[in-house]
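K.L.:
Model the placement of chain B on the given structure of chain A, informed by the hints.
Protein chains in written order, with our numbering: chain A, 1327 to 1662; chain B, 150 to 801.
In short, the hints are calculated from the structure, not lab data.
Every residue gets a Cβ at the ideal spot worked out from N, C-alpha and C, and that includes glycine.
Keep in mind that the hints are not guaranteed to be accurate.
[Stated by the list, open to error] Computed footprint of chain A on chain B, listed as stretches where at least three residues anywhere in the stretch have a Cβ under 8 Å from a Cβ of chain A: (1) 269 to 283; (2) 290 to 301; (3) 316 to 326; (4) 669 to 678; (5) 712 to 719.
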Amino acid sequence: MSSIQWPFPDLRAQISSVKARAGDRVQSWARKRQGSDPVTTRLRSSRVYILPTGVGMIFGFMAFAMLLGSMNYNNNMSFVLTFVLVGIGFVSMHQCQRNLVGLELTFAGADPVFAGQAIRFRIAVTNQSKSARYGIRLHATGTSSDIHDLAPGESKVFILPVPTTRRGRITLDRFGVRTMFPFELFRSWAWLHMDISGLVFPAPADDAPQPPPTMVAHGHRQHDARGEEDFAGLRKYHEGDSPHHVAWKAYARSGQLLSKQFAGADTSSQWFDFGAIETNDVEERLSVLTRWIVDADRTLEDYGLRVPGAEFKPAHGELHRRNCLETLALFEGGRS
Amino acid sequence: MTARARGTDGSLLASLPWTLSALMIAIAPHVPFLPFWITGAFLGCAAWRYMIEKRRRTLPSRWLRAALALFCFLGVLFTYSSISGVGPGSALLAIMAALKLLETRKRRDQFVLLFLSIFLVMSSLLREQYLWSLPYMIISMLVIMTAWLRMSAGESQSARQSFATGGRLLMYAAPLAIVMWVFFPRIATPFWAVPIDTSQATSGLSDTMSPGDISSLSMSNEVAFRVSFDGAIPEPHQRYWRGLVLTQFNGRTWTGRDPSISPGALDEIEVTGEPIDYEVTLEPTRQQWVFALDMPTQWSLSQTFMGPHQQLARSVPIEQRVVYTVRSHTNYRISAELSNLFRDWYSSLPEGSNPRTSELARRMRDVAGSDRAFVEAVLQKLNRENYYYTLEPPPLGSNPVDRFLFDTKRGFCEHYASAFSVMMRSVGIPSRIVLGYQGGEVNPMGGHLIVRQSDAHAWTEIWLDGLGWYRIDPTAAVAPERIDVGASDAAFESFGRAWGLTAPSRLLHQARLAWDAIDAKWNEWVLGYGPDAQNSFMEWLGMDDPTWRKMMLTLILLVVGLVMLISAVLMLRYRPPPKDKAALLYQRFVNRSGLAPQIGETAGVFALRVADKGRLPASAVDEITQAYLDARYGQNDEAAFERLKTAVSSMV
Chain A
1327 MSSIQWPFPD LRAQISSVKA RAGDRVQSWA RKRQGSDPVT TRLRSSRVYI
1377 LPTGVGMIFG FMAFAMLLGS MNYNNNMSFV LTFVLVGIGF VSMHQCQRNL
1427 VGLELTFAGA DPVFAGQAIR FRIAVTNQSK SARYGIRLHA TGTSSDIHDL
1477 APGESKVFIL PVPTTRRGRI TLDRFGVRTM FPFELFRSWA WLHMDISGLV
1527 FPAPADDAPQ PPPTMVAHGH RQHDARGEED FAGLRKYHEG DSPHHVAWKA
1577 YARSGQLLSK QFAGADTSSQ WFDFGAIETN DVEERLSVLT RWIVDADRTL
1627 EDYGLRVPGA EFKPAHGELH RRNCLETLAL FEGGRS
Chain B
150 MTARARGTDG SLLASLPWTL SALMIAIAPH VPFLPFWITG AFLGCAAWRY
200 MIEKRRRTLP SRWLRAALAL FCFLGVLFTY SSISGVGPGS ALLAIMAALK
250 LLETRKRRDQ FVLLFLSIFL VMSSLLREQY LWSLPYMIIS MLVIMTAWLR
300 MSAGESQSAR QSFATGGRLL MYAAPLAIVM WVFFPRIATP FWAVPIDTSQ
350 ATSGLSDTMS PGDISSLSMS NEVAFRVSFD GAIPEPHQRY WRGLVLTQFN
400 GRTWTGRDPS ISPGALDEIE VTGEPIDYEV TLEPTRQQWV FALDMPTQWS
450 LSQTFMGPHQ QLARSVPIEQ RVVYTVRSHT NYRISAELSN LFRDWYSSLP
500 EGSNPRTSEL ARRMRDVAGS DRAFVEAVLQ KLNRENYYYT LEPPPLGSNP
550 VDRFLFDTKR GFCEHYASAF SVMMRSVGIP SRIVLGYQGG EVNPMGGHLI
600 VRQSDAHAWT EIWLDGLGWY RIDPTAAVAP ERIDVGASDA AFESFGRAWG
650 LTAPSRLLHQ ARLAWDAIDA KWNEWVLGYG PDAQNSFMEW LGMDDPTWRK
700 MMLTLILLVV GLVMLISAVL MLRYRPPPKD KAALLYQRFV NRSGLAPQIG
750 ETAGVFALRV ADKGRLPASA VDEITQAYLD ARYGQNDEAA FERLKTAVSS
800 MV
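With the rest of the complex left out, here is chain A:
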């Protein structure tokens, strides 16, 4: 006895590829039709599409079967029931579409992430009407947000997580907003093509070599009339720092030993040099640099960055870190 073979083994793959191609075609048509959207876009009814869901199809078949039954039995009460269901179908179609029309969507930024993490695009959705909107969800290829309801006048930030694989600027070419409210008989949706992008830093290397040794620069001591130096900030306590310079108040607060830094005082600083890393792979070098920057930033060390075409003097702080990492993320030198 041989088992019966399904005669079309590739059918499913074929169907899904046809579906995907048709979907692409439709989407590029929609894009052409709508053009690019501003950062804040209000949904017009002409761009909200609607189709029945699977449940909606079953519902339709059920109503049809009930109609046949009512005709056969000539039963007026079941006619009423059938037509109430048909009426609910019509009403929920329009309700479903209206649930989206007039919503205002605004791109509200995305925090940079390291390659491999999911970047979370924030999109604010505002319901300016006097009626609540239910069951709204944003989606893009391979991802979707949580479902939220919007009270009258309410604005909520939807988060659309998009996985990243490589550094650089990631753009969200297109995302959709959809709803199946009420009854999930119909799905209405709209595509938006906003200028949405986010920054992806290189992934920090896991097994980076030791960072180059810390250089101690001896600054000029500029004593003023009172014999005090200018306080310049705090850095992590290193062995050998004078106990006078330890910021005891900060220690009491945070439990971390920090030393006060004074302008003109001795500073330790590191130079992270693109050229000094012993590999030829650009991406690997960027990865290593990223790791060093992340670590140095965590320990509040000063660090400088030198890559072909850009140089940042040793410093620390959020802005410095951001500038350095952005330079690495958008580094073009090694790309062919």
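P.N.:
Leaving out everything else, chain B in the frame of chain A:
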């Protein structure tokens, strides 16, 4: 399947109680018809499933569910010995709902349960339609829709909001449903044979008559049919509602023939005088007999024919309430010539039964001298001697006619009709028994006549030379008030007396008549809205020569119009607020700033640009921007609006 996959996490708690309520409301009307164990199984499964969800337990295993399913299916098969028809169908639906509950894990699984509830509501409507069917349907749809919204809407919607939304959508759907209901073309003939539900007893007249077997006649007040007359309502003694005719007697029991067609039967009727036109709304009898005033000559009910003995019957049992118009003549003659063969057949009696009656009849015939005088003498005897009309006569043993005529002398219509017929047959006069209804109560509120099961009656027809078949009601000879007052009025009087409460029961009776009037109108206008009623309604609306095409076209146009209207209402509901006064004030500030906000630029960003340019003081820009944002989007927008007003006017 692992225990993990069967586990519940309480996520259905928001919607499950509503789904269970929807199912229970849908099953409720079936409960009197369902075997006890099915109702029990459903309630058990519902409670079990709810506890599983509440205590975060696991669902029963697949094997247990399969075993339960098989067991229940066999149970239904065993109980009904069939799975088609409304009875077993709804039993199966109830069982499916119970079992589906036990495998409902995800929110979306509840769709199946809600679809099942809709089918259960539908099948209860197919089973029987009452005045309360519509409110029942509306309530059950409300609960089903609320459950549906609980299942599919987002997380923040409260049960109350779901209920309100469901109600609102139902309100939008109502005009659509009404238009479709009115204009959807009704067809007269079914597509497929409606399965006959054998699980239900027939109500109404039985096909045979055995006076003496039943010692008391049930006084059911159930409505048999209602009649609206075009003209005046005939007098009580003319209201003989002809049903079926019994022709054979075996000494105990009268039997008739199955319904059949007799093409000549109608031609035998000769009428004189004015016809009576009326409309009958017959409650389902699950029998084939069609009732009409003695004697019908035209009728509108489809598939209905006159058989031998002038009895009307339909070729399919009356499973649904039907409405038909009839034309009758109370002055008629059935001028059939009877062949000798038929004369013998209509006067045959079993050998040796009821000998005393036969003996008496022969003696009286000899004394009377003619057939007509003999008939008169028999009626006189019943009238003069101590015969009593009672609904609770003593039982009669063997030779029941003898015992009744000579010993007990107590009985109701069947006893008298049977005794009279036997006496006629004993002397060779052809006779037959007609079963039907007599009388009926006039409902002054509805202007119609109510004929109840308690108005069931039996009378006789005898064949006399030159006269043909002639109606004789021997009960009228004994108890003329039965014919003039009617059985139900008589019953009502005794009811009132029994309780000693004349006035309240009079009020009660009035209330019942009012209810009956509403019920009758509902049946006539709504439940009985069939092809004929639809045609005449369309004509009343002004449609010439209504056809299904015209009705369908009207339906589509009206539905499209209504849908556009609903769409407009929804658009108004969801429209963004108009540019308010705050926006107008803000526009003054924008104009003064000398800059134009870019598309998509928020008020805050715009304020930065304005402050940067320095044409307006930064403090004023901040104040105006903040007040504007508060006025449009904030909580305390009244106060913010005032601030905006002062800030903008002081800007100059």
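K.L.:
Does each hint hold? Answer for all of them.
P.N.:
So, going through the hints one by one against the coordinates:
1. 269 to 283: Since 7 is at least three, the answer is holds.
2. 290 to 301: holds (count 5)
3. 316 to 326: holds (count 8)
4. 669 to 678: It holds: at least three residues are needed, and the segment 669 to 678 of chain B offers 4 whose Cβ sits within less than 8 Å of chain A.
5. 712 to 719: holds (count 4)
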